[in-house]
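As given, the protein sequences belong to chains A and B, one line each in that order. Last residue of the first sequence? That's 141 in our numbering, and every number before it is there in order. Last residue of the second sequence? That's 378 in our numbering, and every number before it is there in order.
Treat the hints with caution; some may be incorrect.
[Claimed, not checked] Stretches of chain A that chain B covers, calculated by requiring three or more beta carbons in the stretch to come under 8 angstroms of a beta carbon on chain B:
| no. | region |
| --- | --- |
| 1 | 3-13 |
| 2 | 47-59 |
| 3 | 68-82 |
[Said to hold, decoys possible] Pairwise CB distance ranges (calculated):
| no. | chain 1 | residue 1 | chain 2 | residue 2 | range |
| --- | --- | --- | --- | --- | --- |
| 4 | A | G81 | B | A318 | 23 to 29 angstroms |
| 5 | A | D46 | B | S366 | 44 to 50 angstroms |
| 6 | B | Q297 | A | T11 | 55 to 61 angstroms |
[Claimed, not checked] Derived lysine-lysine pairs resembling BS3-like cross-links, with alpha carbons at most 30 angstroms apart:
| no. | chain 1 | residue 1 | chain 2 | residue 2 |
| --- | --- | --- | --- | --- |
| 7 | A | K78 | B | K144 |
| 8 | B | K354 | A | K78 |
| 9 | A | K4 | B | K144 |
| 10 | B | K331 | B | K253 |
| 11 | B | K242 | B | K253 |
| 12 | A | K78 | A | K88 |
| 13 | B | K285 | B | K331 |
| 14 | B | K316 | B | K285 |
| 15 | B | K253 | B | K316 |
| 16 | B | K354 | B | K331 |
| 17 | B | K354 | B | K253 |
| 18 | A | K78 | B | K331 |
| 19 | B | K331 | B | K316 |
| 20 | B | K253 | B | K144 |
| 21 | B | K253 | A | K78 |
Hints listed in this document are in silico derivations from the structure and should not be mistaken for laboratory results. The beta-carbon is built from N, C-alpha and C at its ideal position, and this holds for glycine as well.
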Amino acid sequence: MWRKNLIVGLTGLAAVAVAAALLTFGPGRRAALAEYADVIINNYSDAAGMRPVVFPHWFHRIRFRCKVCHGDLGFEFKAGGNDINMLKIFDGEFCGACHNGQIAWGVENCILCHAGVPGSRTRVHNSTADRLVAPPDAAAP
Amino acid sequence: MRKTTLTFVAAALAVAVAAAVSAGPEAQTPAAEPDQATPATEPEAPSAKKAPSAANSFNRLLKKPAAASNAPPAEDGVHDPANPGTELLQWPSEAFQDLPKTADGNRVDWVKALAEGLIAPRVDLADPEAEPFTMDLVIVREVKGSMPNVVYPHQQHTEWLDCTNCHDDIFVPQKGANQISMAAILLGQKCGVCHGKVAFPVSDCRRCHAQPKTEEQLRALAEESAWRGQPASQTAP
Numbered sequence: 001m002w003r004k005n006l007i008v009g010l011t012g013l014a015a016v017a018v019a020a021a022l023l024t025f026g027p028g029r030r031a032a033l034a035e036y037a038d039v040i041i042n043n044y045s046d047a048a049g050m051r052p053v054v055f056p057h058w059f060h061r062i063r064f065r066c067k068v069c070h071g072d073l074g075f076e077f078k079a080g081g082n083d084i085n086m087l088k089i090f091d092g093e094f095c096g097a098c099h100n101g102q103i104a105w106g107v108e109n110c111i112l113c114h115a116g117v118p119g120s121r122t123r124v125h126n127s128t129a130d131r132l133v134a135p136p137d138a139a140a141p
Numbered sequence: 142m143r144k145t146t147l148t149f150v151a152a153a154l155a156v157a158v159a160a161a162v163s164a165g166p167e168a169q170t171p172a173a174e175p176d177q178a179t180p181a182t183e184p185e186a187p188s189a190k191k192a193p194s195a196a197n198s199f200n201r202l203l204k205k206p207a208a209a210s211n212a213p214p215a216e217d218g219v220h221d222p223a224n225p226g227t228e229l230l231q232w233p234s235e236a237f238q239d240l241p242k243t244a245d246g247n248r249v250d251w252v253k254a255l256a257e258g259l260i261a262p263r264v265d266l267a268d269p270e271a272e273p274f275t276m277d278l279v280i281v282r283e284v285k286g287s288m289p290n291v292v293y294p295h296q297q298h299t300e301w302l303d304c305t306n307c308h309d310d311i312f313v314p315q316k317g318a319n320q321i322s323m324a325a326i327l328l329g330q331k332c333g334v335c336h337g338k339v340a341f342p343v344s345d346c347r348r349c350h351a352q353p354k355t356e357e358q359l360r361a362l363a364e365e366s367a368w369r370g371q372p373a374s375q376t377a378p
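Bound-form chain B, shown alone (with noise of 0.2 angstroms):
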């Protein structure tokens, strides 16, 4: 009788434990292709996390809970609870498992994962095969003060985009045609009309702000700030 016993509960073990070992790696395979009319299967979820604190949401200097980017449906604002297509769809966090991480936006590096063939978004609609059409142009813009100048590279940017995206509407294709701010890019034009929606928050200066002021440029703008009364020489580097 014992041991008749002994075999269910050893039986039942094995069994339970193969079934949530086989569920719970087919479940954490992100979808390769989205799939007509059936949801991806959905992962384990994250352990619970706190609600996200409302304070210096927008501080960069401070790093955003973990919570803050991928909120529970019932306090992200966003998505409706109550709709049945809710909880159907796939959870980011599990397409975004395998490809490298950063501290904003996203919290992917989406230049990264397309340089490393982690992704491979297509290009053209109807041709599956299709190469983008890539210009390797930087251009230097050059900022007021000590602030290191801006660094665009052409390269990572047509990888994703087509030219006339850009040109001429958000940007005049002509050195010193285009008066750009950080509160511009902030309201969302210029940059901002991706850097801060889609593509990475402008949150981390030295991004964009790359190449340092050399020795000369520092030493003459020490110069000029010289007509605060102050030498030269205290307000050099």
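Bound-form chain A, shown alone (with noise of 0.2 angstroms):
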């Protein structure tokens, strides 16, 4: 009888425990952090009503060496200085050469690039030359 009990009584409180373990450190729980060289891209995205781009840097240099995009993929050393919409992206050029579901994931995940404050400039986040130089933005930093 107590055996009964104790099993009844160990799935759920493993289910109860699982479910903790994973709100606590499971996937979508927590927001991205904005880390150096991330790249705030805000050329078309206002006028679209979408949230501008935040590029992160960082994650990508971990997977490609510098020239990969900005030599092999066209990509210029300037914010805001390459002309890229949603058609070129679905057309394989700038970042459509590998989120397209093969090399990346693919476009139709709107929200993990469109991810910035709305109104952003575009901009790269926290650069030396933006800090001395850049504006003072009270909107969005």
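Join these two chains into a complex; the hints should help.
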């Protein structure tokens, strides 16, 4: 009799414990943090009603050398200096060269890239030049 | 009755610990390859950090608080916390766990990480086995005054970059043809096209100014400054 109770109790408590652990440690629980060299791109996002794009250099630097994007794929060394729009990405240019569902996840994940504060100024986040000469921006730093 | 209760409690504790332990290390393994349409699992959050001070954020002599480089999303002003996608993105601190640390920029020594094989970034989009075309050529730029000369190593740069990334648009490949000043670098030109934006910022002078002036050069400088009315011997080191 007590064995049956034990099993029922264990199962219930295990479910609770697992749920608690997943809630604490599992995916989707934490928000991303801005990192040095994040590039905020807001060329067309505001007009289109989307959040500006936050491009994380660090994540890509772990996986690709600079020359792959800035040489082979034609990205300029300038925040907002590349005329990127969704059509070009669908066609496999710029970001779409990898974010096509094969090399990396596909562009149907809008909110993973378009994660910036609406109205952000296009810039390299916390770059030296930006901190020295950028105009103070009260709405979106 | 008491024996049953104790058994329940002991078993519950064991299960809870086992679940937490199994979720912990699994969640902390950084994703090796970008998952297709599935975000990487997030790690346990670091303990609560104080809000970073706005004062002296560019003073290289004052160590930036750790919170300044990994501010919570509500305070960093970059990611929109209201965006449901923001919380799906991987934390930089998780990816940087095993990488060698520095005091500035990303707080990661990328060159060292590459040299030690802790990261293996691809050289070519199409060919996963391609090797970089490196060149071991050190350029020494003599700088004004008693500041140590700048030592520029092609080796470490060509591990990451292609020749055309810098030549000829940013640097003319000819001795004496490039006018570079700290002002230009800080404003994002020349070396500042990358250093201060993506590569480490110029807050630590000796990373670049690595070749001290020789005794003769310093003596010559002292001679030059004698015009100020001080005898040369007083200005010599």
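Checked against the structure, which of the hints given earlier come out wrong?
5, 7, 8 and 20
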